[in-house]
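J.: Listed below, chain by chain, are the residues.
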Amino acid sequence: MNEGAATSAREEILSRIRTALGDRPSPAPVARDYRVAGSVPADVEQFVDRLVDYRATVHRCGSDEPALRLKEILDARGVPRLVVPDGFPPAWLPAASLVTEPVSTETLDEVGAVLTTCALAVAETGTIVLDAGPGQGPRALTLVPDYHLCVVRADQVRAIVPDAVAELDPRAPLTWISGPSATSDIELRRVEGVHGPRTLDVLIVG
Amino acid sequence: MTFLGIPTASSTGHLRAPRTFPEAAHDALGNAQLRRNLGDATATIRAKRAGVVAELPDWEQLRAAGAAIKDETLAHLDEYLIQLEEQVTERGGVVHWARDADEANRTVVELVRAAGADEVVKVKSMATQEIALNEALADAGITALETDLAELIVQLGHDAPSHILVPAIHRNRSEIREIFLREMAGVDPALTDDPRALAEAARTYLRRKFLSAQVAISGANFAVAEAGTLCVFESEGNGRMCLTLPRTLITVMGIEKLVPTWRDLEVFLQTLPRSSTGERMNPYTSMWTGATEGQQFHLVLLDNGRTATLADPHGRSALRCIRCSACLNVCPVYERTGGHAYGSVYPGPIGAVLSPQLTGVEHNPTLPFASSLCGACFDACPVAIDIPSMLIHLRAQVVDAKREAHHTPTPEAAIMAAAAWTMNRPRWWARGLRAARLSRFVRRRRALPPPLSAWTASRDLPDPPRETLRDWWQREGGVQ
Ligand code: SF4
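As given, the protein sequences belong to chains A and B, one line each in that order.
Counting in our numbering, the first sequence runs from 1 upward without gaps.
Counting in our numbering, the second sequence runs from 1 upward without gaps.
Pulled out of the complex, with its shape left as it was, chain B reads as follows:
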């Protein structure tokens, strides 16, 4: 039973791994095709991102401003949410609140039914994946059609997304062609595996749906509290189709996706596209306020474990995350295991933090260990989330939870305790990292620290960064 006002972890949705990370990672590491696709893809995005970030003379200032704006949002989240609600309502929109995934799903199902629809078009959205909305709609007899090309590939392939931004990153062109030929009604049997032809096939398939759909469901990248404005960043135009054409629009948004002022968007309009697709600007960004151009608009504000994350002063900065996926692309662990191994809709470094935070560490006890703590994620993050420190913090929580559950330490708890003991002692940790860095000169084969070493023992790892963050910090005169 929950008591009013107690921040509560999420009990439902796609946040929990059915298997431990080491088990799932072990399988993924055996899939050579997956590793090749991922390696190519992450290397390409990394290079593009580095290029467009280097173009901005004020990148670090924008990054600091992004972090500060999000911290301000979180520090007064209740006030900003009320402000947003007022603005959206004033402009003819209807605001709904959902404590957890089930409540959000029930709300959306009722809204779709009230609109008299049995089919909806969807824009790619992490929030709706998190709450398993498509499954809830299907249970209610409503067909949800994903319209983002990658999501469509995943949906038609009866598969799970493996990357925040490029959900079908684990599929290559010939696999995609096979999926389309098998699953896409009315597709040309002579379809080739040319990416252009595949995109054209998706265009033709979805166009009829866009022109006839009555209800669209989207997420939101940002909402502006002072104005009630919502934003969706996208590339293909499927977002615009969904946001514009159907008579009813339902947007499901995590309560943390706010910024206080309109001006604040000037920061994220620069940092999000560069961090995520490595573009100066994504092809389309749509912004709307309330009911627009004759549409009915519903906004569903979702908690689902976010208030529990907010309650932890050492963990709440994970709620700054703007879901750009830059941390995934630089992560040596993610690059090898892919997204599925994380068992949650949020993979990679941020997933290793956010999934256990949203569910409570007891439901995702191995994820905080799915990292080599190399610090690349922190450096890439456009809102400067210190992911390595938070992983260490969560590891300690896992150990505590285990200790409580088992009075006497299990072997696993003992290993974790040893790891956490090292991680929690900055000097030891720094020494360990420095040793890893030095070791690149003497060892050709590199391994991740335990317990990750169990499944990476035979795999090459990239060179650790020449200078650890901690070395840099000390060299720059920082204090511990």
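With the rest of the complex left out, here is chain A:
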């Protein structure tokens, strides 16, 4: 890159902005009189409802049953082998053929199924947020396989979007997932599954 040219574009744009703002606009402060973090109680039933509305399949179980329930879900889907990222709770691991990290993109494509935890969830929008924390893996892990099974603890469900924003670290790679991949590009008919996982199963624990 031509460093001289780059510097001058920067200086010129900043200088144009300062000229443009010559009238010193002083807008009114932002009123946060909408529902902010902590103002609404979280509702797990609403989370389930919204997930179903966006065509995810929801399963539930008690805190001591995840391993068993996960095995049942995988058997019902006919998933013989799946990728499990580092940091997935050992007590929850189902009796299945597991592929552990590191995994190449090609392996992800070939295995075609992944099991993860999440950072938190938002009830009002039926959203799961991944932040690459323990049990979630890098972003490609939940993207390339056609099947994603995500475990959400009931105490990870937040009420509304501001609750989630308040807790998340913006510098972590974040993926907000609301239902399976979808398109409405053809005559606005919703079709599930274009490039991301076409099937999203969610197990809510507790």
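Hints are all accurate, no fakes.
FRET-style restraints, in silico, Cβ to Cβ: (1) A:8 <-> B:119: 23 to 33 Å; (2) B:75 <-> A:32: 15 to 25 Å; (3) A:39 <-> B:113: 45 to 55 Å; (4) B:27 <-> A:101: 51 to 61 Å; (5) B:207 <-> A:80: 15 to 25 Å; (6) A:102 <-> B:19: 51 to 61 Å; (7) B:119 <-> A:110: 16 to 26 Å; (8) B:158 <-> A:11: 34 to 44 Å.
One side only, chain A facing chain B, incomplete, derived with CB under 7 Å: (9) 10; (10) 16; (11) 27; (12) 171; (13) 187.
These stretches of chain A come out as covered by chain B in the derived footprint (C-beta under 8 Å, 3 or more residues): (14) 101-111; (15) 188-198.
In case anyone wonders, no lab produced these hints; they're calculated from the structure.
Ideal Cβ placement from N, Cα and C applies to all residues, glycine included.
With chain A held as given, fit chain B with the ligand onto it using these hints.
T.: Same frame as chain A, but now just chain B with the ligand:
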């Protein structure tokens, strides 16, 4: 010649109509298929949007907050851009600045070459369409592959997008099937026109490309100044594929797409999906800061006429726009003409404002007249941009520009001057709108005001809103 620091309109890119709006609209109105597709599509999105907006008890507060956050951003844009640059750089990203489309395109071409690639995958992005990046890449021998399904349909159909959000809204399923059969290498010849089968064909076609691409190019919906975080909202997962898999990611972003703080996103994460696709939340939103998970990251900050828009105190609120397309879907003019008639990558009500602002009104003199000023766009806008008032403001600028250019008034300038004279006198305008509203009881055929009446004379228009915004404002005790 430009002088340092003078806000400059854009001279390049896909912002200028080759023909006037009335000419292009006239052709579009003759295309019955287009009008049917558009009518169905906009009606569907309008209904979905209304449903999910009604679910939020604090919609109006979120809308006001969204407007205020954007105004704060614009009022200190230089400081926030510097902050963003610092944060992105600190996290291993490289920031580039581009005064106009040519400079942005040159930068991207050099970056792709430096990465040793001759093919790139792209996420749908208004900014890269605005600067005609695909054409610039092609000139440099680089193939750009659009990966959003609608953009792919448009690209394979050798066509232009007609809607911000649903670029192939003018195509129906059988047309799409024909395009795929004709243009998609290796497609199953037995492909049906079932949307599911068409989506599957696109998935198979693009998957190989995703897994092998070395460079991806994206736009950004937002960037957070205090943290350096960038966001892309999408539905299909093609965005995630591009943002995640290739070794090099190049993001081209207009300088106005900033928010000051991380917390500010809590507003737009609620208002953008509801306003654009009519969903509570779009299927995927990706956020990343700097070089992430071993990727190289380049951010290109684009002016291209934005500082010129910022310089106009009566016009700068157009830069609040978050490109949701809600204003398109409620616009009676857009619904009839479609996006192509606007001749710019930004169609509909916001396009009628933003395109002439970015290029200077002299290059898009008919667009500010491409509206009936019914006010539906303002009501739908999640950042409360008063589009009707800005159109009137721009109409006056067009008239002034014409007057300067021709010393003696041309017939066209005289008509525009008359229109602008009415529009600039609130009482006359209010009376005119009220007359239009009352007229729905007596007239079955409705027409747009001149000069739009020339091409809508024989078309039905929907009922004007029962109460104009201005009536409401006066009834609520507002002052003029
Ligand atoms: S002007 Fe408002 S409604 Fe129109 S696209 Fe921009 S943000 Fe959306």
